[in-house]
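Asker: From first to last, the protein sequence lines are chains A and B.
Count the first sequence with this note's numbering and you get residues 8 to 210, in order.
Count the second sequence with this note's numbering and you get residues 8 to 210, in order.
Among the hints, a few may not be true.
It does not matter which identical chain is used: a pair holds within one copy or between any two.
[Said to hold, decoys possible] Once the Cα atoms are required to be at most 30 Å apart in a straight line, the calculated DSS-like pairs of lysine-lysine come out as:
1. 177 / 42
2. 42 / 31
3. 177 / 143
4. 63 / 42
I should point out that these hints are in silico values taken from the structure, not numbers from a laboratory.
Quantities reported herein were computed from a predicted structural model and do not represent experimental measurements.
2 protein chains.
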Amino acid sequence: MQFTSRLIENAVNEISRLPGIGKKSALRAVLHILKQDEKMALQLAESIRAVRLEIKLCQTCFNISDLEHCSICTNERRDRTILCVVEDMRDVMALENTAQYRGIYHVLGGVISPINGIGPSDLRIEQLINRVEQAKDQPIVEVILALSPTMEGDTTGLYLQRMLTGKVGKVTQLSRGVAVGSELEYADEITLGRSLLLRTKAD
Amino acid sequence: MQFTSRLIENAVNEISRLPGIGKKSALRAVLHILKQDEKMALQLAESIRAVRLEIKLCQTCFNISDLEHCSICTNERRDRTILCVVEDMRDVMALENTAQYRGIYHVLGGVISPINGIGPSDLRIEQLINRVEQAKDQPIVEVILALSPTMEGDTTGLYLQRMLTGKVGKVTQLSRGVAVGSELEYADEITLGRSLLLRTKAD
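Next comes chain A alone, as it looks inside the complex (with noise of 0.2 Å):
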């Protein structure tokens, strides 16, 4: 791609280097910034250099968070005694839509991966370990395991099951089955078998 324009040129190159843009949807964005008001292009620039530059990590569940605790955690309506561990902050986001849940969150920052080099070091699980024999006031009932359905995920599970026995009532994990809404046709072998297995009470 040829450009005109050094600014343009620049701004298409560093915009291209987020995840799933390439040069010419960068292109269409910069165009349709040049279009705008210049208050937006501001108002944009301004809301990637502040979430880079002044978000934190919630100091108790590693949630991302605009205060040194987050949102969550200082929620005194939250049931602080369960506490659902999950991989990253997305994880967090997706079952609060859900609006199912009204415990605590605790955010590994990733999975055991031997293949990328992750081991259980690397990850938040000391941590977890530590804000489950430390709540004591509030002893945590459950730990819900929401990890991935995939080799990395079941891995980790099953280290942080074993690191938790004896130390929490118990330890959950999400069910696994044919999606909501899903065309039975469609399933994948390994789901609809599991999903046969771990059939439950018609209700």
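Got chain A sorted already, so can you dock chain B onto it with the hints?
Answerer: For chain B alone, coordinates are given in the frame of chain A:
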């Protein structure tokens, strides 16, 4: 989508205003920014600010430019007797990428479109006529109308053709026909019909 951080919410909202980027892609972009070096976020933010606030329109051809006159208009090696009329700067880039054109450009800033309330006076047609009439030391021999083969493009082309008659040696337009590398069976009837009528000598 629920966010636990206002900084992230803000950045996602701003980024998702760009064309072709939804909330999910914007969130992915924000999470990517968070993982990267601070420098990357600052460079991205600065490139967006700069492209909007520092960009200029070339005073000759109205192409987008870093300076008062764009790099094509100031390039001594471009042929000033051939002028290519295009809708916007994206078309300049597309034509430059072919490496087949050594003349200069004129960017209209749009096409005549009564549905969208865009008439000839909203475009840089007056400036085009002035430019053609004032090019006395190096008269313009050919004006190429490189407009999109749409109804609006054709309308604009016809209008320009009438306005330019008698003022330049010749007015030409891009050839129309089946796209190179495409399959005949998938060509639409109008294109195929025209390409039959406008057939050229096989060489």
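Asker: Could you run down the list of hints and mark each one as holding or not?
Answerer: Hint check:
1. 177 / 42: Neither: 57 Å inside a copy, 33 Å across copies.
2. 42 / 31: both (17 Å within a copy, 24 Å between copies)
3. 177 / 143: within (16 Å within a copy, 88 Å between copies)
4. 63 / 42: between (34 Å within a copy, 12 Å between copies)
Checked against the numbered hints given earlier, this structure breaks only hint 1.
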